[in-house]
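Required output: the full structure, derived from the provided sequences and hints.
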Amino acid sequence: MSFEGGCRCGAVRYELAVDDLPLTYACHCVDCQTWSGSAFALHAIVAEDALTISDGAHAFRLPEGQEAMSSDHIGCAACLTRIANRNPALSNLLVLRVGTLDRSSEVAPAVHIWTRRKQPWLTIGNDTPSFEVSPTPQEFAAALAG
Numbered sequence: 001m002s003f004e005g006g007c008r009c010g011a012v013r014y015e016l017a018v019d020d021l022p023l024t025y026a027c028h029c030v031d032c033q034t035w036s037g038s039a040f041a042l043h044a045i046v047a048e049d050a051l052t053i054s055d056g057a058h059a060f061r062l063p064e065g066q067e068a069m070s071s072d073h074i075g076c077a078a079c080l081t082r083i084a085n086r087n088p089a090l091s092n093l094l095v096l097r098v099g100t101l102d103r104s105s106e107v108a109p110a111v112h113i114w115t116r117r118k119q120p121w122l123t124i125g126n127d128t129p130s131f132e133v134s135p136t137p138q139e140f141a142a143a144l145a146g
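In our numbering, the protein residues as written are 1 to 146.
It is worth saying that the hints were derived from the structure and are not from the lab.
Computed from a predicted structure; not experimentally measured.
Cβ coordinates follow ideal geometry from the N, Cα and C atoms, glycine included.
It is possible that part of the hints are untrue.
[As the list claims (entries may be wrong)] Simulated restraints on C-beta separations:
1) S36 / N126: 23 to 31 Å
2) P120 / A77: 33 to 41 Å
3) A78 / A17: 21 to 29 Å
4) T123 / A145: 22 to 30 Å
5) T52 / P120: 38 to 46 Å
6) G37 / E4: 20 to 28 Å
7) S134 / L80: 24 to 32 Å
8) E48 / R103: 18 to 26 Å
9) A108 / G37: 14 to 22 Å
10) S105 / L80: 18 to 26 Å
Shown next as C-alpha cells:
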C-alpha cells in the first residue's frame, strides 16, 4: 500500500510506500514553531527508501548555526513547502512533514516532544506521551510503540 502527498502548489509530489499511515509526533520546539508558523509541527520518521519524491524537488541546507541540528531539507522551490528532511542522527531515515500527506486529516500525534516550549493555551491529553525536551531514541521508540 502507499500514501501520496505533495507541496502546496502541486509541483512536487511523493509516494510513501508503507502499509499504514505513519505514527506521527508533534514537536513544539522553537525551530518547529518558526518553520511551521504555528504552535508545533507534525512529523513522522520514515524509511528513506519508502519515500519516492518527484524529480522537481529542491534540496537545501541552512548555514551552520541556524538550526539546532543541521539537516538537508527537501521541498518545493516554487512554493517553499518543506516535505522532508534528513539529518545525521537518523541513518537511512527521513523526517516527513505530515501536513504534506494528502490524507493528513487522518493522523493525530502519538507523541509530543519539546513540550516545555509549547504554547500555554495548548492542552495535551494525559493519555498521550510527552517529553519536555527530545527523548532518547529508546524512549521515543517506546512511546511510539504505545
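*Go ahead and decide if the range 22 to 30 Å is satisfied by the Cβ distance of T123 to A145.*
Hint holds: Cβ distance 24 Å, inside 22 to 30 Å.
_Range hint 38 to 46 Å (beta carbons of T52 and P120) holds or violated_ = Given about 40 Å between the Cβ atoms, the range holds.
*Using the beta carbons of A78 and A17, state whether their distance is inside 21 to 29 Å or not.*
Holds - the Cβ-Cβ distance for A78 and A17, about 25 Å, lies within 21 to 29 Å.
*Determine whether the Cβ-Cβ distance between G37 and E4 falls within the hinted range of 20 to 28 Å.*
holds, 24 Å
*Given the hint of 14 to 22 Å, check if A108 and G37 actually sit that far apart at their C-beta atoms.*
Given about 20 Å between the Cβ atoms, the range holds.
_If I claimed the Cβ atoms of S105 and L80 lie 18 to 26 Å apart, would that claim hold in this structure?_
holds, 22 Å
_Between the beta carbons of S36 and N126, is the distance compatible with 23 to 31 Å?_
holds, 25 Å
*So does E48 sit 18 to 26 Å from R103, Cβ to Cβ?*
holds, 21 Å
*Could you see if the CB distance from P120 to A77 stays within 33 to 41 Å?*
Holds: the Cβ-Cβ distance is about 36 Å, inside 33 to 41 Å.
*Between S134 and L80, does the C-beta distance stay in 24 to 32 Å?*
holds, 26 Å
The structure agrees with every numbered hint stated previously.
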